[in-house]
Amino acid sequence: SFGESARYAGIWEADGLDGDDIDWIDSRMQAYTNRNNVPGLSVAITKDERLVFAKGYGLADRGAGEEVRPSHRFRIASISKPITAVAVLQLVEAGRLDLDDFVFGSDGVLGTTYGTPSYGRLSASDPDRITVKHLLEHTAGWWVRNNPNRPDPMFRHPNKDQDELIRWVVGNWPLDNEPGTDYSYLNFGYCVLGRVIEAVTGRSYESYVADAVLGPCGIDGMEIAGDTRADRKDGEVVYYGRSPYDDQVSRMDAHGGWIATPIDLLRFVTRVDGFDRKADILRPETERELSDREGPNCGYGEGWILQGNWRGHDGSLSGSRGYLVRRDDGFSFAVLTNGDGSVGGLRTSVNSAINSVRDWPSYDLF
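So in my numbering, spot 322 of the sequence shown is number 363, and the numbers just go up one at a time.
These aren't lab readings, by the way, just hints derived from the structure by calculation. Among the clues, some could well be false.
Stated by the list, open to error - Simulated restraints on C-beta separations:
| hint | residue 1 | residue 2 | range |
| --- | --- | --- | --- |
| 1 | R270 | H198 | 18 to 26 Å |
| 2 | T154 | S397 | 51 to 59 Å |
| 3 | A320 | P192 | 37 to 45 Å |
| 4 | S403 | W209 | 24 to 32 Å |
| 5 | E108 | F196 | 28 to 36 Å |
| 6 | E108 | R270 | 40 to 48 Å |
| 7 | P199 | G152 | 39 to 47 Å |
| 8 | D142 | R197 | 23 to 31 Å |
| 9 | R191 | G156 | 18 to 26 Å |
| 10 | G386 | A240 | 48 to 56 Å |
| 11 | C339 | F196 | 23 to 31 Å |
No residue lacks a Cβ here, since even glycine has one placed at the ideal position from N, Cα and C.
My request is simple: use the sequences and hints to build the entire structure.
Put into structure tokens, the structure is as follows:
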């Protein structure tokens, strides 16, 4: 809980790591914040599913002079996508959903809730052909990569709620490609998956995921963010950047709406990492779906970026950057900031810190 900040500080300042190793980690994190002019940063590291390091750097609130603690919560942006993907795959395991289920139309999970497109019906490029798997893998077909004529609708139409936005897109934007044939990263697709979860479970996305995914991971401190500075939650940092309070983060729930600590993100990843120290919340065969390298883009699985010897996801909104990484060598880490900066630089900085430590402690700080 957030009232335990003093206890946390005492634990994570304990000398479990060699002083030179701590200094090296500190230098990597501070170099990133200085280079990117980021007010604050929080990082947590696990080895063999044990929490071995967690620390805050810089300021959570410049005006108040409040320093970042491991218990501070940050917007995680698109790191929300792996969480949504796990919720979907749990429903598949339970037989309540199938990856090949259609999403829209009379045969779809959402039925005709979002209307009937005004263009041709039942063609190869009809929205009725979009499946759950297509949404998970960003192959729904709405537009090609980097198409300036089709910006992601999640950052447009601010006066529309989720249902109104989905109805507008389905009714007005024909697909550019046949579903399943081309990869194009799309936040909007995960917004739709949030509504799929709601339709199947009869519950709000946030409530269901909190109970079915986060709870079994031992997480009780994550929730959907507010939009404005006045909407900040308990223990949440202040964001600094171009326009950190202009985005409708609450509307982004399933693709970019959660706030979390790095420690809680690692509580999540240690339950879906395929390692054997802690029981996972998905079956082994389902976890293999997360890293499925088949399809139009083998660099993205079902909710996860797949790159060589690691999988994970980055997150980026104005005023926040983050990365969650599960490495094949038994290390995982989560790092979050409250300012704009290089998201790739975050991953590089933490990897450099991990790779340079000589001896990791045997304790588990979870």
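Going down the list of hints, with the structure as the test:
no.	hint	verdict
1	R270 / H198: 18 to 26 Å	holds, 23 Å
2	T154 / S397: 51 to 59 Å	holds, 52 Å
3	A320 / P192: 37 to 45 Å	holds, 42 Å
4	S403 / W209: 24 to 32 Å	violated, 55 Å
5	E108 / F196: 28 to 36 Å	holds, 32 Å
6	E108 / R270: 40 to 48 Å	violated, 19 Å
7	P199 / G152: 39 to 47 Å	violated, 27 Å
8	D142 / R197: 23 to 31 Å	holds, 28 Å
9	R191 / G156: 18 to 26 Å	holds, 19 Å
10	G386 / A240: 48 to 56 Å	violated, 39 Å
11	C339 / F196: 23 to 31 Å	holds, 27 Å
Hint compliance for this structure: hints 4, 6, 7, 10 are not met, and every other hint is.
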